[in-house]
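> Sequences listed follow chains F, R, A and H, in order.
Numbering of the first sequence is given in our numbering, commencing with residue 1 and proceeding in unit increments.
Numbering of the second sequence is given in our numbering, commencing with residue 1 and proceeding in unit increments.
Numbering of the third sequence is given in our numbering, commencing with residue 1 and proceeding in unit increments.
Numbering of the fourth sequence is given in our numbering, commencing with residue 1 and proceeding in unit increments.
Wrong hints could be hidden among the right ones.
[Unchecked claim] Heads up, simulated SDA-like pairs for lysine to any residue below, C-alpha to C-alpha not over 20 Å straight-line:
#1 A:K170 x F:I171
#2 F:K106 x F:H79
#3 F:K170 x A:S307
[Unchecked claim] Stretches of chain A that chain H covers, calculated by requiring three or more beta carbons in the stretch to come under 8 Å of a beta carbon on chain H:
#4 178-187
#5 198-208
[Unchecked claim] Every beta carbon over 12 Å from chain F, so not counted as near; a handful from chain A, in silico:
#6 E42
#7 A66
#8 G91
#9 D107
No lab work stands behind these hints, which were simulated from the structure alone.
Nothing here was measured: the structure is a model prediction, and the numbers come from that model.
Built from N, CA and C at the ideal position, the CB exists for glycine as well.
Protein chains: 4
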Amino acid sequence: MSDVRIRASILGASGYGGGELLRLLLGHPTVEIVQIASARHEGEPAWRLHPNLRGVTDLRFCAPDAIDSCDVLVSCLPHGMAMLQIDRIRGLAPRIIDLSADFRLKDPADYRRWYDIDHARPDLLSKSVYGLAELHREELRTADLIACGGCNATAVILALQPIFRAGLAKIDRTVVEVKVGTSEGGRAFSQGSHHPERSGSIRTYRPIGHRHVAEMCQELELPDNAQLHFTATALDMVRGIHCVAHVFCTREVSEREIWGLYRSAYGDEPFIRIVNDRRGIHRLPDPRRVTGTHFCDIGFTKDPNSSRLVVFSAIDNLVRGAAGQAVQALNLMHDFPETTGLEFPGLHPL
Amino acid sequence: MSDVRIRASILGASGYGGGELLRLLLGHPTVEIVQIASARHEGEPAWRLHPNLRGVTDLRFCAPDAIDSCDVLVSCLPHGMAMLQIDRIRGLAPRIIDLSADFRLKDPADYRRWYDIDHARPDLLSKSVYGLAELHREELRTADLIACGGCNATAVILALQPIFRAGLAKIDRTVVEVKVGTSEGGRAFSQGSHHPERSGSIRTYRPIGHRHVAEMCQELELPDNAQLHFTATALDMVRGIHCVAHVFCTREVSEREIWGLYRSAYGDEPFIRIVNDRRGIHRLPDPRRVTGTHFCDIGFTKDPNSSRLVVFSAIDNLVRGAAGQAVQALNLMHDFPETTGLEFPGLHPL
Amino acid sequence: MSDVRIRASILGASGYGGGELLRLLLGHPTVEIVQIASARHEGEPAWRLHPNLRGVTDLRFCAPDAIDSCDVLVSCLPHGMAMLQIDRIRGLAPRIIDLSADFRLKDPADYRRWYDIDHARPDLLSKSVYGLAELHREELRTADLIACGGCNATAVILALQPIFRAGLAKIDRTVVEVKVGTSEGGRAFSQGSHHPERSGSIRTYRPIGHRHVAEMCQELELPDNAQLHFTATALDMVRGIHCVAHVFCTREVSEREIWGLYRSAYGDEPFIRIVNDRRGIHRLPDPRRVTGTHFCDIGFTKDPNSSRLVVFSAIDNLVRGAAGQAVQALNLMHDFPETTGLEFPGLHPL
Amino acid sequence: MSDVRIRASILGASGYGGGELLRLLLGHPTVEIVQIASARHEGEPAWRLHPNLRGVTDLRFCAPDAIDSCDVLVSCLPHGMAMLQIDRIRGLAPRIIDLSADFRLKDPADYRRWYDIDHARPDLLSKSVYGLAELHREELRTADLIACGGCNATAVILALQPIFRAGLAKIDRTVVEVKVGTSEGGRAFSQGSHHPERSGSIRTYRPIGHRHVAEMCQELELPDNAQLHFTATALDMVRGIHCVAHVFCTREVSEREIWGLYRSAYGDEPFIRIVNDRRGIHRLPDPRRVTGTHFCDIGFTKDPNSSRLVVFSAIDNLVRGAAGQAVQALNLMHDFPETTGLEFPGLHPL
């Protein structure tokens, strides 16, 4: 571990992802937050928008143009904006971590198909590294442009990758449902996010065609034209993703064998827990139990009467699905212990 | 009971109070809803804004100008607007029920003090009747202009009136707290009502100076310059008001005597329940238990070691505190059985 | 419609289903509740357990043995108990409505397989009628033993039946998820239902092997050995079921054609609403919007890029999935207008 | 700061307070948790009861008798039990921190009055130190028996102490309300904590006579026979205390002067924040904003038209009101930096 503190700045720091990153990095012993930028909130103290940071930091938002050069720049700009500013961004720091979707996909055609835009800098797509340490640890160590995975994609990829890699899944039959919190929608308010309308509501906001499917297919290495049947529903909760994946197996398989697959894939991973108990009241992954943490909890149940394997995962969308992923990548990039700044174990009861 | 159906229309029918009124009157056997007006939503079906009414009514919002004459017109216009339109409104129907604050206060100076406006039609203030049947039943029968009470005021007045009327309270020492749901704020959305910011939050939005204090003082017949110390806090719930009033008694009083006061004040009231049990898990008033109903539940605890009497009340702000009050008044006006259209007993568990 | 009031009694009236039934029948103009029985709560007033009924009824629970003969007896006894007492029950009234699972399944072997019991009276299974009016209206009119459908089964069967009947579904590929409220678990408390453990939690309590699958297969008329892949997850809500069914179509089909199927199946049904809007914030079925009502809201989305059709339904488990179903059946049995006592349109916002 | 790690053990570690303490101390760099005891859960892994600690610690509960000597022993035993075992407890470690009420009160008569028991070891009451660093910092440094304050008492004392100490309050007129989460009731479940009964509910569980009043009077140094009018209401939330205190001032006072009192009392306190903004949506203390943290947020509003001063405070009952208080005291006892292990800034949004 290096003793050197690195100097980090954040672009787009007023959003929920930016706020979470700020929280995590303020607690990181070898990172110093130098500047945080927000076009809309220039001059305001960070704690006005991130009230948990009141008394924790005196940092104020600067204008995006005022960002100076630093060791690592994390961009929390919205999709479509990071790609337009990428040259300026890369000019400011040797290492860039981007939380948007702009550098996640390798095939420029996917941006046309899923995001309905022509990618501004397709030449960079092959240079960026997808931010999941469990899949790209070695590449992340030497990366200079990291694209953190989408929150829903993260939950799904981590749940399914060991099964898919083992060739155990009939790919086109897989059906995946996620239940998500309202923080996924960000800070922008609308009639739909108005508390009396939203409270207690169950809203399937993307029955089909969710953009994160593109990442899932890429990272699960599905063949061209393979399909992943994905549906996303928002609940009356703020944080968290609960993923239930229905996988139909290509052959007979025992729960023991599935345990083996997950153990061999994740046995050494510091941030993945297999949650599959026979006793107790918290037997399967539950997003409430990982709130505020970088854990991805994974569990599964094999139907003995059919080929169906049900896989569960639970993450905090703002930590594991965004800011925490950036911190883990930053640690890898700088040869810091991988868990630095991500030790918070969560709260119970909550 | 008359067999005649009366013809009613609603102004400002797109808001939460208007929607609740529409729901109640659609279920009223001797009222026919003729028109519902909304300046902003002209032409849209009612169920788009009040999704519980999908399949229940085909009514669409008309323009406010399109309202024709009818038997009773209920105005759900915002404060300050009803008073400006009152002549036109009164030209449309012989009986007017107003849900705004515009005709609740008798003293024009109170509008200056609490609402910071000069009342446009102070001459009408003495003619309007405050909408609480428990206090003004006989006047309501013959009224042609009814001002339904404010939601918080309703909860407080009903809780305290028997105690105050009996001269049992040291008036200036009384401290009243209400906890309210977010529907009180109406349909207008903002950063503050954005679900991720609002969820789980406890927000004291009016520590002092709440406008409803003016109504409370008037209806509790407090002497001039008397003060009622009132604080309002919004919770993560949509409907409901929970009132806790700390009354300091002018003399020794037993719980038995207090029972007597409430029984004599409310013993025949169809919509007041004394909730003061020694056993069970629902021993005191709880707004969850009156959701959707016109009940005002009232309970109390006398501190044997001090002069403090704690009085509780619970109502649904949209029913008892707004639309239901209009319906009860309408029933009285038209000599319908007072409970007609207000029979829903609420749901448990909920 | 008959003018005659019928006399009804309830067995097992202290549970959540029994309480809901009591609420509905107290508001039913041509039914008189004569007795309500509870072995455990004999002598207690109904409102102690069903606090919404305080001031609404003075009925007290009697001992089960004290039930006298009546016109219709509704049994809310737990699974396995109704079948043991069925002779006594049938001796008390000419018409029996049972809310348990004991008479839902036609094949005695299904009780062995799904409930792990030998059915005590298999001879009665062919005589009972499954309680869904949409599927069995004519049989219900003349039935003397009605078995109301399970709550999850009701949501799934109503969502899928028009599609399955049209031969549009690849049966074995269908994957169904329901999200349910905690009232499904009934009144019995445990560590798992303790508020601090349960609040905010997402708990997949039945990833595979849910007993209601037996009913679904029977009522959807699946061939022997066909499988329905079903998973049930409990949320932090009290009432409601949200069903998402992923159907893979046997052929190309347009959304227009699917509309047609639902319209032809349910166009005249008073308690089914197709909720499939292009605008607004409540575009698809949401259990919050049907809370307290007998509505089953149904919507769907066809994936244009695959054979997947996503079907949604939302019901209130205690009304549509239990007590309301009993009332609709009772209305049919007695030739009352089918919607009597079930007119409550729900609350918004809630 | 000492480099030495101290060895700590926990008695009664299966409860919510014990679990929170375990979480905090596992993250404390100079404390090693040696043993955790639970009479009921001997042999079980800690994470079975504290699921957030899954993968974080392999500690298992030992029998209470199996606790060995250590540097500091924290007792999370229930009220009434710690006093009976205090000799054995003190034999195990030179420094004891007790989370129960057993050593909080100085006057044995208070145990008779408020807890209805004769204190087993009144001789120790004068030796214990009340755990609030803001009031007893110097005594805590040298204490060998610390009694952490009650959760509600902590919120109230910190809110009021600067005002009371300044002689600004008419003591007997003060009215204090707290809204609390359900984790205050601990792990024991009952019909009243059953999710369908508890969800959405507002339950005033202690209108008068709350035991914590004894601590408040003691620590606020009220004269004998002075009264504090206190009411506690539980909401549908798991963690958090929101305190609203209505203080009637003995003389004219400006908000500026009140600012001064709080600044002078708490200006150097690392865990108190004055939250009193004119802008933004989080202007006053809100327990949601301190969840998981040791902060006590304090705000206030002076009514310009009366002598009323409304003071607000918000804490996390399990951290600031229990386990965090133990950690801060432990830090003081051992001359560790006072904030060690308590740096978590909380989450937003949550």
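> Compare the structure with each hint and give your call.
Hint-by-hint comparison with the structure:
1. A:K170 x F:I171: Holds, because 17 Å separates the two Cα atoms, which is no more than 20 Å.
2. F:K106 x F:H79: 15 Å, holds
3. F:K170 x A:S307: Cα-Cα ~16 Å, so holds.
4. 178-187: holds (count 5)
5. 198-208: holds (count 3)
6. E42: Holds, because the least Cβ-Cβ distance between A:E42 and chain F comes to about 32 Å, which exceeds 12 Å.
7. A66: 38 Å, holds
8. G91: 40 Å, holds
9. D107: Label holds. Min Cβ-Cβ 17 Å, cutoff 12 Å.
The earlier numbered hints are all upheld by this structure, with none contradicted.
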